[in-house]
Amino acid sequence: MLEPSTVAHVHTRLRETSPLVQVITNYVSMDIAANLLNAAGASPAMVHDAHESGEFARIAGAVVANIGTLSDPWVDGMLAAVAQAEADGTPWILDPVAVGATTFRRDTVDRLLEHNPAVIRGNASEILAIATSAGAGRGVDADAAVEDVRSDAEALASKLGTVVAMTGATDLVTDGTRSVTITGGDPRAPMITALGCSASALVAACCAVHDDALEASASALAILSAAVEKAGEKAEGPGSLRWRLLDALSTLSADEAAAVAAR
Amino acid sequence: MLEPSTVAHVHTRLRETSPLVQVITNYVSMDIAANLLNAAGASPAMVHDAHESGEFARIAGAVVANIGTLSDPWVDGMLAAVAQAEADGTPWILDPVAVGATTFRRDTVDRLLEHNPAVIRGNASEILAIATSAGAGRGVDADAAVEDVRSDAEALASKLGTVVAMTGATDLVTDGTRSVTITGGDPRAPMITALGCSASALVAACCAVHDDALEASASALAILSAAVEKAGEKAEGPGSLRWRLLDALSTLSADEAAAVAAR
Amino acid sequence: MLEPSTVAHVHTRLRETSPLVQVITNYVSMDIAANLLNAAGASPAMVHDAHESGEFARIAGAVVANIGTLSDPWVDGMLAAVAQAEADGTPWILDPVAVGATTFRRDTVDRLLEHNPAVIRGNASEILAIATSAGAGRGVDADAAVEDVRSDAEALASKLGTVVAMTGATDLVTDGTRSVTITGGDPRAPMITALGCSASALVAACCAVHDDALEASASALAILSAAVEKAGEKAEGPGSLRWRLLDALSTLSADEAAAVAAR
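Protein chains in written order, with our numbering: chain A, -11 to 251; chain B, -11 to 251; chain C, -11 to 251.
I should point out that these hints are in silico values taken from the structure, not numbers from a laboratory.
Each residue gets a CB set at the ideal place from its N, CA and C atoms; glycine is no exception.
Mixed in with the good hints, there may be bad ones.
[Unchecked claim] A short list of chain B residues far from chain A (calculated; beta carbon distances all over 10 Å):
1) 27
2) 71
3) 74
4) 95
5) 165
6) 171
7) 230
8) 236
9) 250
[As the list claims (entries may be wrong)] In silico lysine-lysine, BS3-like type, Cα no more than 25 Å apart, as pairs:
10) 222/C <-> 222/A
11) 222/A <-> 218/B
12) 218/A <-> 222/B
13) 222/C <-> 222/B
[Unchecked claim] Estimated spans, in silico, between C-beta atoms of each pair:
14) 122/B <-> 139/A: 52 to 62 Å
15) 224/A <-> 157/B: 39 to 49 Å
16) 135/A <-> 243/C: 51 to 61 Å
17) 0/C <-> 98/A: 50 to 60 Å
Construct all of the structure, not just a fragment, from the sequences and the given hints.
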């Protein structure tokens, strides 16, 4: 369902246009998310405070709101940015890190969801928690797997009119009608902290250069899977997997990215 | 005094149980501390704000409070988390970064110490500063060495009823009665920024899986020393030492970890 | 105009005296800026909050104020630190990240500039934006190149009585009267996120050990160029360029650093 030529197209557009992506993200992911966007050809900008996040969103090609290390000023900054993005028709991506863990996270996600994200990118437990809260899921499970949450993800996407990009050993991207799975990567990838947050940032970058959010999200995950897999060939652990991922991403060809979709 | 079999046991438990460690730490250490915990088998969560830090501490196996980049909201978040940890009997670790440098740091450490940390992990200057402030040390010295501060550290541990883990070229772990020294590592390790902060996080992870805080702390430092030493064999500077450390930690065997204790 | 012997002198002084540099910088750059200073022989301290930033500035050899991820509490902390630095005659460096992008950034830079920075380190677009705002530049251009902004940079340096260090494919350092260009580095260096922020931190470290701010700034950029170039010989992308840069910086000889000035 994901055409290899679409992935190749998105990959090439990223490098040709270097979209400006406003990434409001947690402290842990700042370094890796910015470096990963740079390696992929995009232009990251971590502008989070309400004094300027809305103003900056006007010039951004896409916006990320990631709740990993939350506090009130950051919630205000995220809301200002995504409200502006919504008003301008700029795609924005929600990364609901550990949304099931605390009341503060659940409440913040509820407020953010009022502004119609183009994509929700999370792991199976996070997607299940949101789906259940939205009346489209079947409970909470901290160790949920992508395949077990597929129907919840599809129901959530339909209900909210958004794309859900759920990552794990296999990735699932769905808009409720169309669903795409992506395989690849490396079993050691979960040891790279904030790789999921960085995936959300890359999804945003691809949404900035390609209007179909399902295709853009799936292409982002295909590009990332291809690069992780290439990096894994010579990596000896999570430390070398990380820097080799950045090297691989910066030198990845459109054909290598597209090959993941052809599986 | 530190049995090799204890280190091997703690090392194995870390990987088998993947304890959830709440790390309230400074901005500089976020990336390396999280990646180091992941490589060692633990599960890091950087949840710092008072809106949720106490609630989150209820599900954490251990908590770290690190004062490296301090501000009022973070002090509030640390106090909420460590108060909850104290109430639940969850071990928490104090990392008093540069406590001697400013009034704000000294005052904050005084407030945190009221909540009975299981372990204080710092360098010799930091331990000496706390010991002196607590009436158990002999002055302040920004360039203090572990061996010169041994008696101050033992007196501090006795007075507060805590474990003191003092790191340097040689590490000393003491509860005032029992004292263990750990040798190993690499002379270039101090060039890896926030490696001490990451050591505190690993001490917390080990305290989450082993009840004896002295043995847990010493095992954490033995595991780290073994991995740094292994990484140093091929490292050409602090950049490669860092990623090789993560690789080494993720592939370290229980025997390799235990060997440090057998010296 | 930049004597190789000056670069060698500054390089050696860095390692001999390990100056304490207070780096108030954005979240993205925390890790790399601290590690880069450590690798170069300096001693970084990220102390940002107004509760302690002024007090800490008294013991720092130099201070950096970087506006990359701005918010009100950080502005207060920067102002407290640079006011103390100004009062003590301690050199401080302004890094005006993306100053042209928002009102908040322009206003903050105006307030910081009242405290007489020793050096302003930025890219061509940032320098042009400040010069234009100060009545010494010819407009705003997000894609400005160093060579095109040379006269604006010199006019800005003269008008403010400061050193302007403008980095790009070629670097220009000027105090309005004397101007130095530095070539070298690697074309992939812009893919290392926050390398410019880290350059500002290294400029600060060199200003802490050498009184002539123009020579100190140019020496910092020469040292960095030499290390990046050395790292680039074996790097296969931005991931390996980054860790190889830290390795190269930690083992760079005074002769290798000086060679860049001799070009």
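Here's how the hints hold up against the structure:
A cut-off of 10 Å between C-beta atoms contradicts the statement that residue 27/B is not in contact with chain A; the least separation is 5 Å. With a closest Cβ-Cβ approach of about 16 Å to chain A, residue 71/B is found to remain outside the 10 Å limit, as its non-interface label requires. Here residue 74/B stays apart from chain A, with its beta-carbon at least about 19 Å from theirs, past the 10 Å limit. Every Cβ of chain A is farther than 10 Å from the Cβ of residue 95/B; the closest lies at roughly 22 Å, confirming the non-interface assignment.
With a least CB separation of 37 Å from chain A, residue 165/B remains clear of the 10 Å interface cut-off, as annotated. Against the 10 Å criterion, residue 171/B stays outside the reach of chain A, whose nearest CB is about 24 Å from its own CB. A beta-carbon of chain A is positioned within 10 Å of the beta-carbon of residue 230/B; the least distance is around 7 Å. Distance check for residue 236/B against chain A: the nearest CB is about 7 Å away, which does not clear 10 Å, and the non-interface claim fails.
Every Cβ of chain A is farther than 10 Å from the Cβ of residue 250/B; the closest lies at roughly 24 Å, confirming the non-interface assignment. Distance check on the hinted pair: residue 222/C and residue 222/A sit about 16 Å apart at the alpha-carbon level, within 25 Å; holds. The hinted pair formed by residue 222/A and residue 218/B meets the criterion: a straight-line CA distance of about 19 Å does not exceed 25 Å. The suggested pairing of residue 218/A with residue 222/B holds, with an alpha-carbon distance near 23 Å, which does not exceed 25 Å.
With a C-alpha separation of about 16 Å, the suggested pairing of residue 222/C with residue 222/B holds against the 25 Å cut-off. One distance hint, 52 to 62 Å for the beta-carbon pair residue 122/B and residue 139/A, holds here, with the actual separation near 58 Å. Taken as a hint, the range 39 to 49 Å is violated for the pair residue 224/A and residue 157/B, whose Cβ atoms sit roughly 27 Å apart. Between residue 135/A and residue 243/C, the C-beta spacing of about 60 Å keeps the proposed range 51 to 61 Å intact.
Distance hint check for residue 0/C and residue 98/A: the Cβ-Cβ separation is about 58 Å, which falls inside the suggested range of 50 to 60 Å.
Checked against the numbered hints listed earlier, the structure breaks hints 1, 7, 8, 15; every other hint is satisfied.
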